[in-house]
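2 protein chains.
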Amino acid sequence: MKQPESFVKAALLTWAGNLKRLNAIFNGMTDDEMLAEVAPGKNRAVYLLGHLTAVNDRMLPLLGFGDREFPQLDSIFITSPDKAVKDLPPIQELRAQWIVGNELLARHFSSLTPDQWLERHTQVSEEDFAKEPHRNKFSVLLSRTSHLAYHTGQLVLLKK
Amino acid sequence: MKQPESFVKAALLTWAGNLKRLNAIFNGMTDDEMLAEVAPGKNRAVYLLGHLTAVNDRMLPLLGFGDREFPQLDSIFITSPDKAVKDLPPIQELRAQWIVGNELLARHFSSLTPDQWLERHTQVSEEDFAKEPHRNKFSVLLSRTSHLAYHTGQLVLLKK
Chain A
1 MKQPESFVKA ALLTWAGNLK RLNAIFNGMT DDEMLAEVAP GKNRAVYLLG HLTAVNDRML
61 PLLGFGDREF PQLDSIFITS PDKAVKDLPP IQELRAQWIV GNELLARHFS SLTPDQWLER
121 HTQVSEEDFA KEPHRNKFSV LLSRTSHLAY HTGQLVLLKK
Chain B
161 MKQPESFVKA ALLTWAGNLK RLNAIFNGMT DDEMLAEVAP GKNRAVYLLG HLTAVNDRML
221 PLLGFGDREF PQLDSIFITS PDKAVKDLPP IQELRAQWIV GNELLARHFS SLTPDQWLER
281 HTQVSEEDFA KEPHRNKFSV LLSRTSHLAY HTGQLVLLKK
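These protein sequence lines map, in sequence, to chains A and B. Under my numbering, think of the first position of the first sequence as 1, with each following residue one higher. Under my numbering, think of the first position of the second sequence as 161, with each following residue one higher.
For reference, chain A alone in the conformation it holds in the complex (with noise of 0.2 Å):
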């Protein structure tokens, strides 16, 4: 394997085994379960399942890599904190969309060459990307991977 390749592929296995440690969480709590807050007054698992989603699904056209699947999770997940909307999507649809959004993310990750990962993404204008060549697809890659991280920490305080 060339030396860039490795690099690549290293970000990608550490993408993918968060995604799995998210999975194994996710897929060992009931519907019931996933309601419960992941401390007093915080976010419940619910609203994580479909926050992460939300955060993964806007890579698509940040990476260049096409429309949003499910836009319409930001007005619940994203701009809004747990339980200000009332009535969130069933819980068996947003455990649907988070496994189709995690297998088209995957398609499209393994379909970049390195030299496209450092490529700008697409909320840098080319100007600011020639000064700041580090905001490119790999850092985005990086980032939401410690996003993935940071939300696990958090549900895997439901653990009994």
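Careful, some of the hints might be misleading.
Unchecked claim - Some chain B residues well away from chain A (every beta-carbon gap over 10 Å; in silico): (1) Lys180; (2) Ala184; (3) Met194; (4) Arg204; (5) Gly226; (6) Ala244; (7) Pro250; (8) Ala266; (9) Arg267; (10) Glu286; (11) Ala290.
What the hints assert, rightly or not - The calculated SDA-like cross-link candidates involving lysine to any residue, where the alpha carbons are at most 20 Å apart (straight line), are: (12) A:Lys131 x B:Leu172; (13) B:Lys202 x A:Gly41; (14) A:Lys160 x B:Arg204; (15) A:Lys42 x B:Glu197; (16) B:Lys169 x A:Val140; (17) A:Lys42 x A:Ile91.
Source of the hints: derived by calculation from the structure; they are not laboratory data. All residues carry an ideal CB built from backbone N, CA and C; glycine is no exception.
Since the structure of chain A is provided, determine the placement of chain B on it from the hints.
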């Protein structure tokens, strides 16, 4: 900047960004506030401070940078759960070790070439590494970067 350097730079920026967020949290808490549990019955902030320092410190031998600085932390903050050890080191001492340890790591990190980041870490044999070349130093960096985010997600639950 050449391509391999760009991947390393992105990873080091993500590591530094996650550390910065943790520093803001720890610096914003009084020593008394550090005794709060992140959720009822879960780890206290002071335990997570010692735990993160110990896990980061383990990267010194793991990445071939040299001996541990704070091996004495392991029995309190890694192999024992929180509250199992009655007398913790003074919080001020833990705060100082956290800073010193991270500065030391930053110096070592910046000394590695991209090729060196792709070398095996010290816990994998040459034989296994030939079969599993993803078990390199870069993967350790990514995994420990997620580890920072994981516990950050817990510590933010203490925010008023």
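Inset, instruction - Could you check the structure against the hints above and give me the numbers of any it violates, in ascending order? - result: Hint check: nothing fails, all pass.
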